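Engineer: This is what each chain is made of:
Number of protein chains: 2
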Amino acid sequence: MKTFSVRDAKVTGGFWKELQDLNAQVSIFNIYKRFEETGRFKALECVMDEAHVPHIFWDSDVAKWLESAAYILAQREDETLRNIVEKTVDTICAHQLPCGYFNTYYQVYAPDKIFAQRTEHELYCAGHLIEAAVALKEYKIEERLYAAMLRYADYICERFLVKKDTAFTTCGHPEIELALVKLYAASRDKKYLDLAAFFLDERGKSDTDFYPWADLTYDQSHLPLRQQRTAEGHAVRALYLYIAAADVARLKGDASLAEACRAVFGDIVEKKMYLTGGTGSTHFGEAFTFPYDLPNVFAYSETCSAIALAFFCDRLAKLENKAIYHEIFERVLYNNILAGESKDGKAFFYVNPLEMHADIYDYNEKRKSKLYCPLPERVEVFDCSCCPPNLIRFIEQIGSFVYGASEDERVIFVNQYVSSETEIGGACLSLRTDMPYGGKAEISFSGRAELRLRVPAWQNGISLSIDQKEVAPRVEAGYIALELDGEHEISLNFLIRPRFVYANENVSCDCGRKAVEYGPLVLCGESVDNGGNLRAVRIPSLDGAKADRGEYFTLTVAAERLRTSSALYSYDPPVSEPCTLKLIPYFAWANRGKGDMQIWWL
Amino acid sequence: MKTFSVRDAKVTGGFWKELQDLNAQVSIFNIYKRFEETGRFKALECVMDEAHVPHIFWDSDVAKWLESAAYILAQREDETLRNIVEKTVDTICAHQLPCGYFNTYYQVYAPDKIFAQRTEHELYCAGHLIEAAVALKEYKIEERLYAAMLRYADYICERFLVKKDTAFTTCGHPEIELALVKLYAASRDKKYLDLAAFFLDERGKSDTDFYPWADLTYDQSHLPLRQQRTAEGHAVRALYLYIAAADVARLKGDASLAEACRAVFGDIVEKKMYLTGGTGSTHFGEAFTFPYDLPNVFAYSETCSAIALAFFCDRLAKLENKAIYHEIFERVLYNNILAGESKDGKAFFYVNPLEMHADIYDYNEKRKSKLYCPLPERVEVFDCSCCPPNLIRFIEQIGSFVYGASEDERVIFVNQYVSSETEIGGACLSLRTDMPYGGKAEISFSGRAELRLRVPAWQNGISLSIDQKEVAPRVEAGYIALELDGEHEISLNFLIRPRFVYANENVSCDCGRKAVEYGPLVLCGESVDNGGNLRAVRIPSLDGAKADRGEYFTLTVAAERLRTSSALYSYDPPVSEPCTLKLIPYFAWANRGKGDMQIWWL
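Protein sequences, first through last, are from chains B and D.
With our numbering, letter number 220 in the first sequence gets 220, and the count goes up by one each step, no holes.
With our numbering, letter number 399 in the second sequence gets 399, and the count goes up by one each step, no holes.
Chain B on its own, in the form it takes in the complex (with noise of 0.2 Å):
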């Protein structure tokens, strides 16, 4: 599969135009604000100071940061932008030791540990940089930044591949892995791509150091990692090691690192994933734990790990195409990982619980002796703030999602509906869709091509005009299958119906309760529009809703409500009360204010 990037698939319009341009106008310059505040870029320059000593991650936040920053100016200028970009790529290449490294906790408060401690995301860091320097360097927005992380990645390569002197081998954070393919593709230069595909041979294999708290699946060293088949322990860091294990077996035709990955995205999918895409479902160790344990209320559903699982989906589409890959990417996508932002594209979600109980956290507001609780609201920044950055680096690259196409450029894939023009082959491809709201699309295309439209797993019905003529679809392992040549429109149009989606019967928080999707959309009921314990709220049925685009998207439904006497307990059985219940997406909620919040129903 051909790789896109964000220039060669360029975002025209609608619901994914608005949320870039809310990402390049907002939340970019919100983010650096708080990030400036909390001393992030001030520590770049390396001067020791006791009262902001950096957390040992900061370096991989304004990494992330840096590399949103050249996907939007990829896409747009914008002079105050670059001028913050040049200004902090200065104060890194100044301050970069002259063997290549580059830390701002390490070189200024524990110089004698650099290399010495596994658990402390050093090359986890590192990663973050080099994924940096090589967007900065693909965008043409810079290139010293690129220069000065080759040399870092050439230390990196001395140290644990020839001189072999460092006190680990593997990171205890995965990151550098996949930043290493990236660099490999930018560079061509092999070792890089052989140092990744070394520290993943290594991963399960000697490295024994980590936390006290933590076993050895908490970073998944827990088995040499040809040999994992389950999703381990932290999810974030599970996930972005599988990234990289998907790319290396594409590029160097690894079949066991390929039959990994495929039994790890199984797991996932199959037992260990929210209906939201979310994963990692506790917050004890931020961890994928066992088949079917789902819970809502105490879900972690790390914004990170959204973000990885759908990094995870396009390299395994990468490595062979299947519309699984992409169908789990769109859940993801429109699901856990927009709900990580706030409709303002201020504030972030970290943790994203799939049903929310605001009494909890009122009651911890009045107590030292604290219940768990995710935030019902988002905020601004976190002391761990990796999601935030994370999130507008993703949002940035959507174009990079949209399409596919063969090595030889015959075969094109639509894998995503977003509004959006590419050039491939010598065929253009303009795409303008009201999703995911709705369920058209209009294709103008020009040239000759194997046209692939993935048929979403949602759609209640398929209608395909090809220049005004009704066509009946082809429809080959999950996508239409169109031979066009000269100047087309095509207009598909897949039918959404409200629908009822059930869990496997092994999820016990969701047995005998139901969500409601709508098109690629999950939606939930907030207590600001339906008062308080959803938990009482049973839908019979979803004929009669009604779905309205207004500020938000809603779909409101006639439900029910069951009511008891005011016991506690009473042999008397609840009776139903009609009510109106009314819904929205799941990442729209919690931005009217703190409330209860609910997927499952009755």
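Worth double-checking, as some hints may not be accurate.
DSSO-like mimics (lysine-lysine), calculated; alpha carbons at most 27 Å apart, straight line [what the hints assert, rightly or not]:
#1 D:K368 with B:K205
#2 B:K33 with B:K343
#3 D:K318 with D:K271
#4 B:K370 with D:K205
#5 D:K42 with D:K140
#6 B:K271 with D:K368
#7 B:K368 with D:K182
#8 B:K366 with D:K87
#9 B:K205 with D:K140
#10 D:K42 with B:K366
#11 D:K10 with D:K366
#12 B:K271 with D:K366
#13 B:K368 with D:K190
#14 D:K594 with B:K271
#15 D:K190 with D:K164
#16 B:K205 with D:K366
#17 B:K368 with D:K271
#18 D:K440 with D:K594
#19 B:K191 with B:K318
#20 D:K370 with B:K370
#21 D:K164 with D:K140
#22 D:K271 with B:K594
#23 D:K370 with B:K271
#24 B:K2 with B:K318
#25 B:K182 with B:K252
#26 D:K190 with D:K87
#27 D:K368 with D:K182
#28 D:K205 with B:K368
#29 D:K440 with D:K10
#30 B:K370 with D:K368
#31 D:K271 with B:K370
Far from chain B, by Cβ distances over 10 Å, these chain D residues were calculated [claimed, not checked]:
#32 A214
#33 Y552
#34 F553
Hint data in this document are derived by calculation from the structure and do not stem from the laboratory.
As the structure is a prediction and not an experimental result, all values here were calculated from the model.
Think of the CB as a built atom: it goes at the ideal place given N, C-alpha and C, for glycine as much as any other residue.
Dock chain D against chain B, hints included.
Structural biologist: Frame of chain B, contents of chain D only:
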């Protein structure tokens, strides 16, 4: 209301006699063995042993054990047990300080900190020692501990009430208050009652020192006690305090204390109590939380708090006899309290969840970052082993909770149905019952009295005959009222039909579900009988349910199991597959190995 001792009402057979025999023959000795092994008895010798420093509340463990032994010896002779008691009392008396003070931790390891650390259970331990001393004296087992504890109580009076030179006024863990009331009842020395009243009055007025991780609700010091209207904080602390408040309200005719007691009782039973009678829903602080917060898997429901709720019901009934107090006593007795002990009498639960997923426990066995999970099986001793001796002393006192009588002894109340005999005001009662598994009670009566027989809330019809003649029962305020003179045989049958019980609509965890009760018993299902994922089992009806008394009581019910495809999420609703569900009393769960358990069904 008159108070009954365990000698005033002799347990004669049936369910409770069996349990008491097990207690007297197995439990008391097994707990002794475990307490000895762990150094709790040795610590009484007050010899410094840095390898076995006593836990700050070890004295209370031994004290509750002594109190249990007193009730056992009051009801049967046992030389071995008596010898251990005497030896233990010898040791305590030999090491009491000349001033009267006794505490194995403070006098050996922190003599300069005596009465200086509010959080450290010093008066809590004193209280339990006083309770033990009073019990040993009351049943004439031995009186040296009583004499010793009078001296200790006098020393406490002197320091807290006269000199007022202690670093705190109220103990961080209530208990001394209720113990001083018992000491007053035994000695008729009003100063002990006044000291109890003083401690109650001071609570919430000035003491602010507490654990850094807890606020003042934790030990009910957030408000003056008389102003408290809701149950807050650590459940055992709260209930021990309320017990003393009810005692002092009764003995001093204190209306505002009585009002506070009524209010917190209402708050508990209307908003904060599990169906099993469990209280303190969270392990974060072992505490009451907010109304209707009653999670099943994460339930805490400590055995000690269940026992404390029963004591509180008993004390409230002595303050003002109302059927509701005995009804709640019965609920917590047959469910949460009895669940605390294993069938063989050797092992105990501290935490009593209403739902168990053993796969969480299995996951934790393999992981260092553990999920929260209560123990799936009882154990013989805990590091904090308050529950086992508390349970033993409670079960041994069961006789004292069966009857009530007006002060003039003209009205006799049967509050609990336990096979037993009593004599009061010249009247003799002999009660034989098959409860809790049946609803029958046969009472042989002689003498003259107004007899009041409590009508359980769970009955589905009453049949009553006197001297084999059927009589229409006259029910007044929850009691069948009979005027008797001479010798009579009363035959009573409360019809039991298994019933669904529903939680209030605001109990979010139980919405859409129902539990099954049989007489006073809350039933549960276990995976050992019914296979995995009990959450997917629906009980459409209890028609045709079959009760069976085998080794365990069982109720066999036709049910259905929701079945889905193997997909994690699907648009196809689950189908129902008929199955047979075997339910057992909740108290009997976890006696056949580790597995899943559930109370609330679809």
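Engineer: Confirm or reject each hint.
Structural biologist: Going through the hints against the structure:
Of the supplied pair hints, the one linking K368 (chain D) and K205 (chain B) holds, its CA atoms being roughly 20 Å apart against a limit of 27 Å. About 18 Å separates the Cα atoms of K33 (chain B) and K343 (chain B), which keeps this hinted pair within 27 Å; it holds. The straight-line distance between the Cα atoms of K318 (chain D) and K271 (chain D) is roughly 23 Å, inside the 27 Å bound, and the hint therefore holds. Distance hint between K370 (chain B) and K205 (chain D) is fulfilled; the C-alpha atoms sit about 24 Å from each other, no more than 27 Å.
Straight-line distance between C-alpha atoms of K42 (chain D) and K140 (chain D) comes to about 25 Å, which keeps the hinted pair within the 27 Å bound. Between K271 (chain B) and K368 (chain D) the CA atoms are separated by roughly 22 Å; this keeps the pair inside 27 Å, and the hint holds. Of the pairs offered as hints, the one joining K368 (chain B) and K182 (chain D) is violated, with about 34 Å between alpha carbons and a cut-off of 27 Å exceeded. Proposed proximity of K366 (chain B) and K87 (chain D) is contradicted: the alpha carbons are some 48 Å apart, above 27 Å.
With a CA separation close to 70 Å, the supplied pair K205 (chain B) and K140 (chain D) exceeds the 27 Å bound. The hinted pair formed by K42 (chain D) and K366 (chain B) fails the criterion: a straight-line CA distance of about 42 Å is larger than 27 Å. Using a Cα cut-off of 27 Å, the hinted pair K10 (chain D) and K366 (chain D) is violated, with the two alpha carbons roughly 50 Å apart. As the CA atoms of K271 (chain B) and K366 (chain D) are separated by approximately 19 Å, the hinted pair is consistent with the 27 Å bound.
Between K368 (chain B) and K190 (chain D) the CA atoms are separated by roughly 38 Å; this puts the pair beyond 27 Å, and the hint is violated. Of the supplied pair hints, the one linking K594 (chain D) and K271 (chain B) holds, its CA atoms being roughly 23 Å apart against a limit of 27 Å. For the given pair, K190 (chain D) sits about 19 Å from K164 (chain D) by alpha-carbon distance, which is consistent with the 27 Å threshold. Of the supplied pair hints, the one linking K205 (chain B) and K366 (chain D) holds, its CA atoms being roughly 19 Å apart against a limit of 27 Å.
A threshold of 27 Å between alpha carbons decides the hint, and for K368 (chain B) with K271 (chain D) the separation of about 22 Å falls inside it, so the pair holds. Taken as a hint, the K440 (chain D) and K594 (chain D) pair is broken in the structure, with Cα atoms around 34 Å apart against an allowance of 27 Å. With a C-alpha separation of about 22 Å, the suggested pairing of K191 (chain B) with K318 (chain B) holds against the 27 Å cut-off. At roughly 18 Å between alpha-carbon atoms, K370 (chain D) and K370 (chain B) fall within 27 Å of each other, so this suggested pair holds.
About 35 Å separates the Cα atoms of K164 (chain D) and K140 (chain D), which puts this hinted pair outside 27 Å; it is violated. Annotation: proposed proximity of K271 (chain D) to K594 (chain B) holds, straight-line Cα distance about 23 Å (limit 27 Å). With a C-alpha separation of about 20 Å, the suggested pairing of K370 (chain D) with K271 (chain B) holds against the 27 Å cut-off. Restraint check for K2 (chain B) and K318 (chain B): satisfied, since their Cα atoms lie roughly 7 Å apart, inside the 27 Å limit.
With a CA separation close to 14 Å, the supplied pair K182 (chain B) and K252 (chain B) stays within the 27 Å bound. Using a Cα cut-off of 27 Å, the hinted pair K190 (chain D) and K87 (chain D) is violated, with the two alpha carbons roughly 31 Å apart. A threshold of 27 Å between alpha carbons decides the hint, and for K368 (chain D) with K182 (chain D) the separation of about 46 Å lies outside it, so the pair is violated. For the suggested pair K205 (chain D) and K368 (chain B), the alpha carbons sit about 20 Å apart, so the restraint of at most 27 Å is met.
For the given pair, K440 (chain D) sits about 19 Å from K10 (chain D) by alpha-carbon distance, which is consistent with the 27 Å threshold. This hinted pair checks out: K370 (chain B) and K368 (chain D) have alpha carbons roughly 22 Å apart, not beyond 27 Å. Distance check on the hinted pair: K271 (chain D) and K370 (chain B) sit about 20 Å apart at the alpha-carbon level, within 27 Å; holds. With a minimum CB-CB distance of about 5 Å to chain B, A214 (chain D) fails to clear the 10 Å threshold, and the non-interface call is violated.
At roughly 24 Å from the closest C-beta of chain B, the C-beta of Y552 (chain D) stays outside 10 Å, upholding its exclusion from the interface. Residue placement check: F553 (chain D) keeps its beta carbon more than 10 Å from all beta carbons of chain B (closest about 20 Å).
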